[in-house]
Every structure is written in C-alpha cells, then in structure tokens.
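Dock chain E against chain B, hints included.
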Amino acid sequence: MSMRRRALDFYSAMSILPLAILILVFFLPLYHNLKGAFLVEGSLSKRLVLESFSSGYNRKILLFTIRQALLSALFSVLVALPGTYLLSNYRFRTRRLMLSIANLCFVLPSILVVLGFVIFYGNSGILNRLLMKLSGSREPPLKILYSFKAILLAHVFLNFPVALSLITDTWSHLSRNQENAALTMGAGSVRVFLTVTLPRILPTIFSALLLVFLFCFTSFSIILVLGGGPEFTTIEVEIYRLNNIVMSPQKAAALSVYSFTVNFLCLAIYIFFSSNLRNREKVRISRLKSVTSKRTYLAIGLYTAFMLLFFITPLASIIWRSFYSTSPRMGIGYTTRVYRELLGLSASLALASTPKALSNSLVIAALAATFSTIFSLALALWISKSRNGPLFELVAMLPMAISSVTLGLGYSLLRSSLPRSGNGTGLFLVLLAHIVITLPFSIRTLLPVLRSQSGNQLRAAYTLGAGKARACFTVEIPSIASTILKAFIFSFALSIGEVNATLTLAEGKVSTLPLQLYRLINSYNYQGACAVGTLLVLMTLLVFVLCEYLFQESSEG
Amino acid sequence: MKRLIYAILILILPLSLFAAAENEKSSADAERSLTLYCYDAFSSEWGSGPTLIPLFEKKTGIAVNVVSCGEPPQMLSRTINEGDRCSADVVMGINDFSADIAYKAGIFAPYESPETRNLKKEVLFDSEKRLLPFDYGALAFVYDTESGIPEPRSLEDLTDPIYRNKFILIDPRTSIEGLALLFWSVEVYGEDGYLDWWKRAADNALIIADGWTSAYGLFTEGEAPIVLSYTTSPVYHVLSENSTRYRALVFDQGHPLLIESLGIMRTSSHRAEAEAFVDFILSEGQYEAAITNSMYPANTEVELPEAYAYAPLPEKLLEIRPEEVSRKLERWTEEWTKAIMK
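Protein chains in written order, with the numbering used here: chain B, 52 to 608; chain E, 98 to 439.
Think of the hints as simulated: they come from the structure by calculation, not from any bench. There may be inaccurate statements among the hints.
[To be verified] Straight line, CA to CA, 25 Å or less: simulated DSS-like cross-link-like pairs of lysine-lysine:
(1) E:Lys296 / B:Lys200
(2) B:Lys111 / E:Lys425
(3) B:Lys111 / E:Lys435
(4) E:Lys425 / E:Lys435
(5) E:Lys263 / B:Lys111
(6) B:Lys184 / B:Lys111
(7) E:Lys263 / B:Lys184
Next comes chain B alone, as it looks inside the complex (with noise of 0.2 Å):
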C-alpha cells in the first residue's frame, strides 16, 4: 500500500504547476467574477443575485436559455447515432474521413460558422441564388436563416461532432461477446441492440447530451446573428447587456451566478456518468466488421452523403467566397487577388499582417498544445489514481464550463490587475488562456483511455524495481502515446480557432488568425476573411490529417 501512497505523492507533485495556472488564469478571474455578485457596499449580502431572478422576464430568458440548449443537444445526438453505429461496426473507406469532418467542425472558430451559413444559406446565398435559377423565381424560395430552425441547424454543425466521437469511442470498444451469445440464443438483432448494447452506451450518449447542452447554453454569437432577433434572447446576452451597455459589472456577475450554477451542475452530472464508466470494456478496434451486405454499403453512403452536403457546404463556400470578388473597382468575378495580397506578391495595407497572424496562431497554438498536453497528462494521471478523482476532475474541467462572456469579463479584471504590460506579457497571458482553455479538452481526450489500462504493467515495472517516475516514463506514458498524440492535435485545432480570450488578453497587440479574420470583416473586406478563413480551415484540416496518419501508423506499429 505505501508504494501506492509514495506512486500519488509523485503523481499530484506534477500536478502542482498545471494547478497553478488554473488557478491563476482561471479560478482568480472567476473570483473577481463572482465577488462583484455577493458583495454590496462592502457586506455580503445576496441581494443582487436574488433580485436579478425576481423578474418573470429573467425567468423567461433562463428558460429559453434551456431550451433552445436542450433540443440542440437532442438533434445533435440524434442525427449523430445513425452515424457512430456505422463507425462503431464496421471498417470502411470513408471512415477517417468522416472522423476528421467531424472533428474540424467543432473546432472552427463561431464567426467562421455563421459566415459560411450566410453565403450558402443565406436569402441571397449560393443555395437560394440556385433554387431561384432553377425556378425563375424573384423572391428567394427558401427562408432558413433568422429564424430558431437556423439556431439549431448551427448548434447541430458544431456539436453535432461531440456526439459522434463521444458516443463511437465507448461503442467501438465494446465487446460483442454479450452481443453474440444473445443472437446464438435466437434473440432478434432489434431487442439484442435495445436489450443488450443500448444499456451499455446509454450513459455515454447521455454524457454527449451533457457535453452539448453546456456547449449551447453559453453560445453567443450564433444565437444573436443566425436567429436574428431579440426573441431569442438567451442569459449570455443579458449579462452581456448589463455589463457592456448598462455598464453595471455588479448585476452582470449576479446573472452571471445562475448561468454558472447550471453549467457546474451539468458538468458535475457528466464527470459522475464518465467516472463510472472506467471499468470499461478493452478492446482493440480492428473487431470492425467488413461490410457485406448491400443495405451496409447504401447506410454508409447515404450517411457519408449527408455529412459531405451539411458539412462541406458552409465550408466549401467560405473558399468559394474567397475566389470571388464583388469589388467593381478590382472586377466583379473570379480572381486570386486576395491570395498574392496575402503572400505579399501585390501590396496591400489589410492582408499584409496575415503571415504574422499566421506564424503568431501557429506559435500559440504549437506552444498551447505542447503544454496544455504535458499538463493534462499530468493531472490525468493523478486523477485516474487519486481517491478523489472525480473532484480534481470537476476541478480541471470546470473552464468548460464557463461562457466566453463570463470569462472575458474575468480576463479584463485580471489584465487591469496586472502593473504594466508590454507585446511579451499580452502573449504570455493569451499562452496561458489557451492552455487553460485547451485543458478541458485534453484532459477528456486522456483520462478514460488512462482509466481503462489495467495497471498490470505498471506493477510489473514496480516489482522489478523501477521507480515511480522511471515506471511512468517508460511504461505508462508510452503506452498510452497515440491518445497523447491526439490530445495535442485537438488542443493545437482548439487554440488555433480560438478568438474570446486572445481578443480580451492581447490588447490589440498579438494578432491571431481569427483575430486577422475579425478585423478584415470589420474593414468591409469579406473576400479576404474568407481567405484567411480559408487558410484557417485547411492548417486545421492539414493537423487533423496529419494525426489520422500518425495515428494509424502508431497503432499498427
């Protein structure tokens, strides 16, 4: 037993670091936060928080706020199971590719989504402009934008992913022993799926119904933009009208309460479903049946079809966007101006700081993702061997559950804190962020392969003398290196995408792709945020494709 105590000792001594950024990034700003709530003149005092929830109308936004998160979290798993039953039972070609789709989706920073949605869907966009040649009609025949079916669409497009890699990693790995034994007993393959796998994915898809429940509750600029209207007002807008507009930081923190106390239950709910799942079925993959019945083969076409029609629409429209111009001083029509603008082959005042943003995002990123990596697997590992797991778990996960709103307020506290700030310090805190932000993530990525390792091995290494540390070095880390692999891809998509805390922390100093993108919309230059969305999209694409290799290399060698 006291080689297990001296094994956590070592493990929670690497977590210290990781603890202190989270603490000083995160937990500090979220304090200033929620300190603004409780203290009135000095004296504790709730008068704020219960008064800003004695109006029927805050009630009104908070339950829409539920809402509209609840039928996106429904929608998006739903449409996603057809799908991770494919993934999750069978090897075919499209299989990666649908994977890394998915993946790129929810990493794509929110302005990118609703500009792609604009151009194909929009009332003048690429999907109308052709039903209205094809039909000769004047008036667009298709009015999917502004509305609440354009809210769920986006939130579906973004999370939509969550679901169908959450839900196929738990299902992919499960035994089909059960399975068989209840089809050898004659059971028909309807009540063996409901009978028999269902129970056992069942918390899975409802920890993906978390997952994208919090995604949508805190969403902010899909819901203003696409929905199109103030009757979708949702509790992130109110605070942000309280503390922008009202200029009235005390009420925004006391709204800000409630939202928090939703999210950290929701995230409280889905660590419990995770943690009791770590005694989790080990099984390799390469179990994926062959296809070989007709009906197969049409589903997975079929499904491939959709995701490319409702996936690379938007996408596709953004690099469309990109190649055409609606300048009639530089000639309506196709061009690649903007592109040697962006390479700097023709001068141009906007697009000649895109190869600093890109090399700022890439450096960000690269250094975000290598530490947000080094110290989830830190925390991971204590997490996964610590008695207390889940709540260090809650503790680590929790800037996922905090809304780019609240947390940009938060950042502003803790930037006017600091004494004074040069270009260095502006990057070091957006690196920090990042970390903080890329954490979560990771740490997800990690924890439930790390659950599911036996430990045999590891006490093997201990009986034949190795050290905690040369034991976790060379036997545990190792074995797991295709996850961390993977991890850091993720974390490296995330921080590139990234724009709220970047925007809030870099004082107009360190500019960013999305950022770069941002202001070029800011200037009327819609071509050229299409261009550096363009690049944005195909760097995010180019890393994902890049750990598809990797991994499979990894896991076949």
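Below, chain E without anything else, positioned relative to chain B:
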C-alpha cells in the same frame, strides 16, 4: 513514442524561431512621458494609434506609453476601478453615452484647450470640458441603390410592408449603434411611443443583428438592401471600391450623433504633457484619427478627402444628453427586451 516526440519537435522548432524574431519595445524611459489608456482598435496595427503616436512623439519629444484596455466600456470600468492607483494621464475613446458615468466617478479634470475654439459646437457636449470630443459620426440607414426599392424617408417608412425583410436593425443590448437607434426612436416617438415603433419595425425587419459588424456584413452580402450604419459608410465604398452604389439616407426628423472624446485624469502627474497630447489630437492629429475611424473630425478646420462628399452630414442633428441617458438606459433597454421578446 519516438515518433510522437519527433512530430512535436518538428512542429515546434520552426515556430520558436518565428517567436524569437518578435521583440519588445519600451518607450517609457524617456525624460518626458505620459501614459495613455485607449481601446484596442486605436492601438492595433490598423488603428490610428501607430501613425499618430510617433508623429506626436517626434513633434514634442514626449514619449507615450500606450495601454490598450479592451472595448470602450471595459476601458472606462478599468479607469474607474483603479481610482487613485490609475497610472493613466489621458484616456482616449470615451463615448458621449457613457460620459455621465465618468462625471459621477469624478475621474477627469477640466481642460480649457486652446483648440476647443475650432471644434464643432454641436459635438462639444461637456460644458465643463472634462471630456473633449475628437471625432463623431451620425447614425443613418445606408441604402443599396441597385435594389430597385424606393428610398425610405423616415423611421416610420420602415414599418411599411414594402420594406418587409428589406432592412437590418441592430440590437441596443449588444451594440452602441443599436443603443443610438434606441435613442433615435425615443427622440422621434417619445417615451410613450418608441416601443410601439420598435415592435412594428422589428416585425418588418429581416433581422436585428447583434452588432454593426454582422449587420453590415449581411448587407454587403446582399441579404437586405438597407442597413443601420453611419452617414460616412459610403466613403469606404468610394475610396476602396470606386463604387457609389451605396448611399446614406438623410431623414428630415434628424440623426443621432455618436461622439468619441478624450480627457485628462484628475490624478495625472504629467499635466503639461497630457495637455500637449490633447491639443495635438484636437489639431494635427484630427485628419488621421477621423479618416481611420471613418468618422467626421471634430475640428471644423480640417480638410477632408473628396470621397467625403458621399458622406452627407445631416442638417438636423440630435444631441445625446448624457445625464438622461445614464438615468434611463437600464430601464429603456429592459423595457425594450420585454417588448420585443414577446
């Protein structure tokens, strides 16, 4: 494992070289200096800061230590929160809407700049000269002349069924332009009638966007032929696209102003330097500041580029009353939300 390490190394190495190439500048050590708080857009590489600051430093020999403070509301909150500890000598970019919050906090000291005599009377909103305006814009609807629909001539016209889904409004809860539209409606319809106009207009509008950026984006992407923006917006299209397709609509009922101002901190220990900076911004710095922000310069002596002929300054301007705004803003935006949410 080795493969993993190589992959990470290959990704990181060239990038660290990039990072090393970036180095910091520090300008705070000069003998005469001042600290300037501004919003991010001013100090960013596209803002007027990078051009204006070196001009000022060269002319006066005073080093400016620029502190970028986020969006204008965050900048003001920060300045107030820091109180006596605040290191700023000048704060630049306070809009007239939030002026009253600054007055109440008592953070700015009056300054009778010799340049105020050249400033446009209508924009000199603070009689005590704590905050001095450096540029301003007039809110207006911008219209696509190729859309084939008649020009609206008033806020009331927009509620006409022929404009159904043809225009984009902006939300007063998330945007300063939206807030200005809210005041505009109060000016025109009074406190008893503004919500009624909003209900009718909101039903008729294509959307109420979250901010100017997305509103104007949807407009130029052809989603609607009319958008809430500034009278100066067409200038951009003339200058960079050589297009006069987009025009600002001038309504007889008048247009609200959005004024940006700067002020010297009461706690400033570099009063002389701060005064020199304010004088500079209100004189030589005017052209650069206004053009970059796509606003009108507050100084009436400044010569504007020809393209400003496409930025018609309305004859009737509606002034904002900061005291009334700060008293009623929370109530108005809340009533507005209740009315529009249904």
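Just to be careful, I want the Cα atoms of Lys111 of chain B and Lys425 of chain E compared with a cutoff of 25 Å; is the pair within it?
Holds, because 23 Å separates the two Cα atoms, which is no more than 25 Å.
Pair hint outcome, Lys263 of chain E versus Lys111 of chain B [Cα-Cα no greater than 25 Å]
30 Å, violated
Pair hint outcome, Lys296 of chain E versus Lys200 of chain B [Cα-Cα no greater than 25 Å]:
22 Å, holds
Restraint check for Lys184 of chain B with Lys111 of chain B, where alpha carbons must lie at most 25 Å apart:
Not satisfied, since the Cα-Cα distance of roughly 43 Å exceeds 25 Å.
Take a quick look at whether Lys263 of chain E and Lys184 of chain B sit within 25 Å of each other, Cα to Cα.
21 Å, holds
Lys111 of chain B and Lys435 of chain E: Cα distance at most 25 Å?
10 Å, holds
For a C-alpha distance cap of 25 Å, please report whether Lys425 of chain E and Lys435 of chain E respect it.
Since the Cα atoms of Lys425 of chain E and Lys435 of chain E sit roughly 15 Å apart, the hinted pair holds (cutoff 25 Å).
Checked against the numbered hints above, the structure breaks hints 5 and 6 and satisfies the rest.
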